[in-house]
Amino acid sequence: MASVAAQDAQDWLIDKIAHRLGVDRSEVPPEQYFDELDLDSTEALILAGELENWLGFELGTTALWYHPSIKDLAQYIAEESSQRAGAA
Amino acid sequence: MPAPRRPAAPALIHHHRAAAPGSRTVVLIHPGALPATVHRATASALPETTGLTVLDLQGLPAYRRTGLPGTAGTATLDQLVPPLAAEVTRLREAGPFTLGGWSFGGVVAHAVCGGLPAELRPDRVVLLDSIAATEEYTRTDDALEPALLLGWFAMYLGAKRGRPVSGPLPGDAIRDTDEGLATVLRSAVASGALPGDVTLPGLRKLYETYVEGLLHNNRLTARHRPPSAVVPLTLIKAERSLISGDPDLGWGPLAAHGLTVRSCPGDHYTMLGRPDAATVIAHVIQSA
Numbered sequence: 001m002a003s004v005a006a007q008d009a010q011d012w013l014i015d016k017i018a019h020r021l022g023v024d025r026s027e028v029p030p031e032q033y034f035d036e037l038d039l040d041s042t043e044a045l046i047l048a049g050e051l052e053n054w055l056g057f058e059l060g061t062t063a064l065w066y067h068p069s070i071k072d073l074a075q076y077i078a079e080e081s082s083q084r085a086g087a088a
Numbered sequence: 001m002p003a004p005r006r007p008a009a010p011a012l013i014h015h016h017r018a019a020a021p022g023s024r025t026v027v028l029i030h031p032g033a034l035p036a037t038v039h040r041a042t043a044s045a046l047p048e049t050t051g052l053t054v055l056d057l058q059g060l061p062a063y064r065r066t067g068l069p070g071t072a073g074t075a076t077l078d079q080l081v082p083p084l085a086a087e088v089t090r091l092r093e094a095g096p097f098t099l100g101g102w103s104f105g106g107v108v109a110h111a112v113c114g115g116l117p118a119e120l121r122p123d124r125v126v127l128l129d130s131i132a133a134t135e136e137y138t139r140t141d142d143a144l145e146p147a148l149l150l151g152w153f154a155m156y157l158g159a160k161r162g163r164p165v166s167g168p169l170p171g172d173a174i175r176d177t178d179e180g181l182a183t184v185l186r187s188a189v190a191s192g193a194l195p196g197d198v199t200l201p202g203l204r205k206l207y208e209t210y211v212e213g214l215l216h217n218n219r220l221t222a223r224h225r226p227p228s229a230v231v232p233l234t235l236i237k238a239e240r241s242l243i244s245g246d247p248d249l250g251w252g253p254l255a256a257h258g259l260t261v262r263s264c265p266g267d268h269y270t271m272l273g274r275p276d277a278a279t280v281i282a283h284v285i286q287s288a
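Heads up: the sequence lines are chains C and D, in that order.
Be aware that the first sequence starts at 1, since it is given in UniProt numbering, and climbs by one per residue.
Be aware that the second sequence starts at 1, since it is given in UniProt numbering, and climbs by one per residue.
Wrong hints could be hidden among the right ones.
So the derived label-pair ranges between C-beta atoms look like this [as the list claims (entries may be wrong)]:
no., chain 1, residue 1, chain 2, residue 2, range
1, D, ILE243, C, PHE57, 33 to 41 Å
2, C, GLU27, D, THR260, 47 to 55 Å
3, C, ALA5, D, PRO61, 32 to 40 Å
With the C-beta cut set under 7 Å, the calculated list includes, among others, these residues of chain D facing chain C [to be verified]:
no., residue
4, ARG90
5, LYS160
6, VAL198
7, THR199
8, PRO201
9, GLY202
10, LYS205
11, LEU206
12, THR209
In silico negatives: residues of chain D with every beta carbon more than 12 Å from chain C [stated by the list, open to error]:
no., residue
13, SER44
14, GLN79
15, ALA85
16, ALA118
17, GLU145
18, TRP152
19, SER228
20, VAL230
21, SER241
Don't read these hints as lab results, they were simulated from the structure.
Predicted model, so just to flag it, every value in this text is computed and none were measured.
Every residue, glycine too, gets a C-beta built ideally from N, C-alpha and C.
Please model the entire structure based on the sequences and the hints provided.
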């Protein structure tokens, strides 16, 4: 399993969030906190499911609590992905 | 270095309106699934002198199941009663008092009422489309068939998005959950409840989270055997209740002080937000 770089995860998140919100990706800064986005809980969970499908692994239920911004989560995804790729 | 910013934990207490002196206080117990603010519709339909406070179980650390720091989780429904009874006691004013709850919240309200001293009990417990946790009405997780869960999920999704969504009907033959979810997704996209580019893995995550919450409550009720009611019960059933064709959702045998059953428009989820349903709920609460 190939690991996902933090920049790739960040780009994926920004692309998807910008698309869902109908705004340009330049309007979604990496430092943006998820709970400040204009996404309701339904949209957020659907996005999480699509992210997990892209990654090929599930994120823990506490991932967003410990990594509450796009940049933080992307960094966590890269670390988690690297560990999984190394273990495979 | 400043501490990292964390999302706020859900609040337990949602004050919609304070009661005027001597007027009725209503406390509703809400189990989540929909935001606690959904009870605004009922607050608007009640007289301005009636106070309404919602206790959101998601704000009770013993109830939450997220594994977040400070979240103990709980093994039994009875463990939820003491902290909620303490809040109810603190919230009730000197005038008439009604306790109630929606869905699993009604089961909890019934348990909390039994845990209150006689002088602090409400004049009755109002159950908003709650299913009694009696042996006949509780199921193991395995007994909840995918077609049944998918039908409830479609109802929930429709309420969340404000558009009708249909899914498999109970008893429908579906190969697996994904086939049923594909039916729900087609319906949701066709009605505009979801955008056309939502994928099955995205919807599956939403479904799994919904079912996880439902099973959490199911396990709590499966281990709980409610005592007879100590005050009269009023059940307000949605026209499209979770269980169709059932007269009292299992509350009859528990209603030692009487059971009144009323119907309101909508389904199990939309009954909380529809103004016509809120009018019925408010009328029933006020006619105590």
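Evaluation of the provided hints:
1. Taking the beta carbon of each, D/ILE243 and C/PHE57 are about 38 Å apart, inside 33 to 41 Å as hinted.
2. About 54 Å separates the C-beta atoms of C/GLU27 and D/THR260, a value consistent with the hinted range of 47 to 55 Å.
3. Checked against the hint of 32 to 40 Å, the pair C/ALA5 and D/PRO61 passes, with Cβ atoms roughly 37 Å apart.
4. A distance limit of 7 Å between C-beta atoms decides the matter here; for D/ARG90 the minimum to chain C is near 29 Å, and the interface restraint is violated.
5. Annotation: interface hint on D/LYS160 holds; nearest CB of chain C at approximately 5 Å, less than 7 Å.
6. The closest approach between the C-beta of D/VAL198 and any C-beta of chain C is roughly 6 Å, which is under the 7 Å cut-off, so the hint is satisfied.
7. The closest approach between the C-beta of D/THR199 and any C-beta of chain C is roughly 6 Å, which is under the 7 Å cut-off, so the hint is satisfied.
8. For D/PRO201, the interface hint holds, since its Cβ comes within 7 Å of a Cβ in chain C; the closest pair sits about 4 Å apart.
9. Among the interface hints, the one on D/GLY202 holds; its C-beta lies about 4 Å from the nearest C-beta in chain C, closer than the 7 Å criterion.
10. Here the hint on D/LYS205 is kept, as its CB sits about 3 Å from the closest CB of chain C, short of 7 Å.
11. Here the hint on D/LEU206 is kept, as its CB sits about 4 Å from the closest CB of chain C, short of 7 Å.
12. Using the Cβ-Cβ criterion of 7 Å, the hint placing D/THR209 at the interface with chain C is satisfied: the shortest such distance is roughly 5 Å.
13. Distance check on D/SER44: its Cβ is at least 21 Å (rounded) from any Cβ of chain C, clearing the 12 Å threshold; non-interface status holds.
14. Against the 12 Å criterion, D/GLN79 stays outside the reach of chain C, whose nearest CB is about 21 Å from its own CB.
15. No Cβ of chain C approaches the Cβ of D/ALA85 within 12 Å, the least distance being about 29 Å, so the stated non-interface status holds.
16. Taking the minimum C-beta to C-beta distance to chain C, about 40 Å, the non-interface status of D/ALA118 holds against the 12 Å cut.
17. At roughly 23 Å from the closest C-beta of chain C, the C-beta of D/GLU145 stays outside 12 Å, upholding its exclusion from the interface.
18. Non-interface call for D/TRP152 relative to chain C: holds, since the shortest CB-CB distance, roughly 15 Å, exceeds 12 Å.
19. Consistency note on D/SER228: stated as away from chain C, and its beta-carbon is indeed over 12 Å from all of that chain's, at 38 Å minimum.
20. Taking the minimum C-beta to C-beta distance to chain C, about 36 Å, the non-interface status of D/VAL230 holds against the 12 Å cut.
21. Every C-beta of chain C lies more than 12 Å from that of D/SER241, the closest at about 23 Å, which supports listing it as non-interface.
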